[in-house]
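K.L.:
Use these hints to put chain B with the ligands onto chain A, whose structure you have.
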Amino acid sequence: MSGAGGQVAVAAREVRRHFGALAAVDGISLSVKQGEIFGLVGPDGAGKTTLMRMLAGVLRPDEGEIVLDGVDVLADPEAAKARLSYMPQRFGLYEDLSVDENIFFYAELFGVERKARKTRAAELLDAAGMTPFRRRLAGQLSGGMKQKLGLVCALIHTPTVLLLDEPTTGVDPVSRREFWGILYSLRESGVTILLSTAYMDEAERCSRLALMHEGRVHDCDTPARLKQAMPGVLFAVTAPDPRAVRAALQDAPGVLGALLMGDRVNLRADSAARAPELAARLHERGVAYGDIAQVEPGIEDVFVALTGAGAA
Amino acid sequence: MFERIRVMLMKEFLELKRDPWAIFRLVAPLVIQLFIYGYAATFTVNHVSTVVLDLDRSQASRDLISHFPATGRFEIVDNVTSQQSLNRDIDTGTAVAGIIIHAEFAKKLLNGQSAPLEVVVDGTNSNTALIALGYVSQIVTIFQADYANALGVSSGAAPGAVSVSLQERPWFNAGLEDRWFFIPGVIGTLALMQVVSLTAFAVVREREMGTLEQIMVSPISRVEFILGKTVPFFIIGLADVALVTVLGAAWFHVPFVGSPFVLLFGSSLFLLAAIGLGLLLSTASRTQQQAFALNFFLVNPLFILSGFAFPISAMPAALQWFTFINPLRYFIVILRAVFLKGVGFAVLWPDFLGLALLAGVMLGVSVLRFQKSLD
Ligand SMILES: Nc1ncnc2c1ncn2[C@@H]1O[C@H](COP(=O)(O)OP(=O)(O)OP(=O)(O)O)[C@@H](O)[C@H]1O
Ligand SMILES: [Mg+2]
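In order, the protein sequences belong to chains A and B. Each residue of the first sequence is one higher than the last, beginning at 1 in the UniProt record's numbering. Each residue of the second sequence is one higher than the last, beginning at 1 in the UniProt record's numbering.
In case anyone wonders, no lab produced these hints; they're calculated from the structure. Idealized CB from N, CA, C, for every residue including glycine. It is possible that some hints are incorrect.
Said to hold, decoys possible - Simulated DEER-style distance windows between Cβ atoms:
1) Val367/B <-> Ser189/A: 35 to 43 Å
2) Gly364/B <-> Thr119/A: 38 to 46 Å
3) Met200/A <-> Pro219/B: 32 to 40 Å
4) Gly210/B <-> His283/A: 50 to 58 Å
5) Leu319/B <-> Thr169/A: 31 to 39 Å
6) Glu63/A <-> Trp21/B: 47 to 55 Å
Claimed, not checked - Listed below are several chain B residues computed to face chain A (Cβ distance under 10 Å; list not exhaustive):
7) Val31
8) Ile32
9) Gln33
10) Gly210
11) Leu212
12) Val217
13) Pro219
Looking at chain A on its own, in the form it has when it is part of the complex (with noise of 0.2 Å):
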């Protein structure tokens, strides 16, 4: 799967942005291969938008190298444009035009002939399951399919790249499946996506991740071998008052973190002999809880984990 041999698709080499004194993406590299799910995950502010923004050529890099399918993003953005495809967190949609008129718009703008965009377009609506809406105003459809209209637009001129900006933000469960049906068959036919997401489900979706934080990615993996490299073991401790529970343990010796999950409390140790020893704590301060067992870490855990954002 992920690491396997291919070609690098997406390549970036210590690229930097401020605004005024923020460094918003504070010396980024990192390397997608071609066909890759690549997903960017990190809170708020992390620069992911910034990032996308450089690959894209909307934006241009204080510093650094981009290299997009073989093509140097600075020095030529225009050849870049043609093989990649950018969908902004919002995508923009003409909201008095139809279904089909937008479609036509960015088919047109970027010189997509009449026949493989019509072809292409029945295609892409059919997988979105949007065909009966065709004639509708972009303007009266609902958010998920406003964002897989976007990312019909997105597609209709076949790139290589797909940059995604948060796709899937505010869409009901059941887009977010045809969203990632479509994904996944896009990847079949070769096309590199690169995405950022606020969504672990969608993370642990992606064949390597990156996690950023303050404009810096710290960990770039698999899924599967960031769970494994997080430092320390996580146990779930859940509890009629969770937060009862975190105070009492986040400063026990050997816990390394602790992460409020609503009905219960992830924390980290540094090793799964400690179990006996919390139960004894929590008995200690006659503080309710129902039951520790030790869990599967989830991306978030990782992503505390290894950031050290949360960490106690």
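P.N.:
The following block gives chain B with the ligands in isolation, referenced to the frame of chain A:
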């Protein structure tokens, strides 16, 4: 290049078609404003309601009175027989002006004496009153001339011996229709307001909707985008000028003595400057609201410092300098000259040059700023 501009134009056209009120919104404010300026913004006073008290009842007095409605300036609404009735008419607002011809008007006129004519005006609107008085003196002058001629023919008396006594009043704007002065200026003002705001809003809208970013990752270049976006407004601007010119000439009978080509050339330069200004506004605004506020800020000073209503020569020197970077200043000179004087490039070249320089600088700066504003 043309292919992609054509695509942009097609899209603009489609959007326009989707919006059935668009044409109305484009044309209605223009026509309404033209009519407001045409009728309301005028120093001319017409159909002043007038009451007449003729105490002489002679051929001469009737003759003089008949001169008043004949000009269209006055409309005789009442004939009274006493000073009280006349005063009442003015007090109640039935009439704005009263003309009193005292007894022995004809006799004194014939004898070459100063013949007494009294004019009473309602001074509440001092402007109207003053203007009305001005008309009276004009009418009396005409009457004197007519009467002297008639007398000269019939009795051989020397013309000019006739005199009607009326206090001299300052007289301004004699003979010149204010509309002739205003309407050419209105063309420039309206075209400027419309084109600047349309351009600014259209570009900011794309930015706000996120379509601008989308277009920037397509192979269309920034210049192509700007062209596709502004060519429609250039055409709309030319249509504005044509519409207001035709209406002004046909409806308000403003003479158009100059060359349409000079007007077309001047309009083109002016519209380029206006589009540059609109683009500049769009680069300084993230949202349509900001663009609206900026537009509001900008258009009023441009209007006031254009010489449209207030003479530039009467402004303080510092403000006069500002007028040099105001495209409307040059265009209004060109418009008035083309309409009323019929002069061409030989006379107007400094204004054309000023306009061309401004258009070039504004477009250039705005295109550069547009590039920057994308980051
Ligand atoms: N055009 C800009 N001007 C100034 N600051 C900017 C600009 N764009 C981004 N920033 C700043 O750069 C930092 C990174 O922003 P960016 O949008 O790349 O983050 P992000 O990871 O995409 O966040 P989110 O998850 O909220 O989309 C933020 O602090 C942001 O405020
Ligand atoms: Mg973002």
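K.L.:
Taking the hints in turn, state whether each one holds.
P.N.:
Each hint tested on the structure:
A C-beta distance of roughly 39 Å is found between Val367/B and Ser189/A, which places it inside the suggested range of 35 to 43 Å. The given range of 38 to 46 Å is respected by Gly364/B and Thr119/A, whose C-beta atoms sit roughly 44 Å from each other. The hinted range of 32 to 40 Å is satisfied by Met200/A and Pro219/B, whose Cβ atoms lie roughly 36 Å apart. About 55 Å separates the C-beta atoms of Gly210/B and His283/A, a value consistent with the hinted range of 50 to 58 Å.
For the hinted restraint 31 to 39 Å between Leu319/B and Thr169/A, the CB-CB distance of approximately 52 Å leaves it violated. Against the hinted window of 47 to 55 Å, the Cβ-Cβ separation of Glu63/A and Trp21/B comes to about 50 Å, which satisfies the hint. Checking Val31/B against chain A by beta carbon gives a least distance of about 25 Å; that is not within 10 Å, so the hint is violated. The beta carbon of Ile32/B comes no nearer than 26 Å to any beta carbon in chain A, farther than 10 Å, and the hint placing it at the interface is violated.
Taken as an interface hint, Gln33/B does not check out: its beta carbon lies about 27 Å from the nearest beta carbon of chain A, beyond 10 Å. This hint holds: Gly210/B has a C-beta 4 Å from the nearest C-beta of chain A, less than the 10 Å allowed. About 7 Å separates the beta-carbon of Leu212/B from the nearest beta-carbon of chain A, less than 10 Å, and the hint is met. About 5 Å separates the beta-carbon of Val217/B from the nearest beta-carbon of chain A, less than 10 Å, and the hint is met.
Taking 10 Å as the C-beta contact cut-off toward chain A, the hint placing Pro219/B at the interface holds, the least distance being around 5 Å.
Hints 5, 7, 8, 9 from the earlier list are contradicted by this structure; the remaining hints agree with it.
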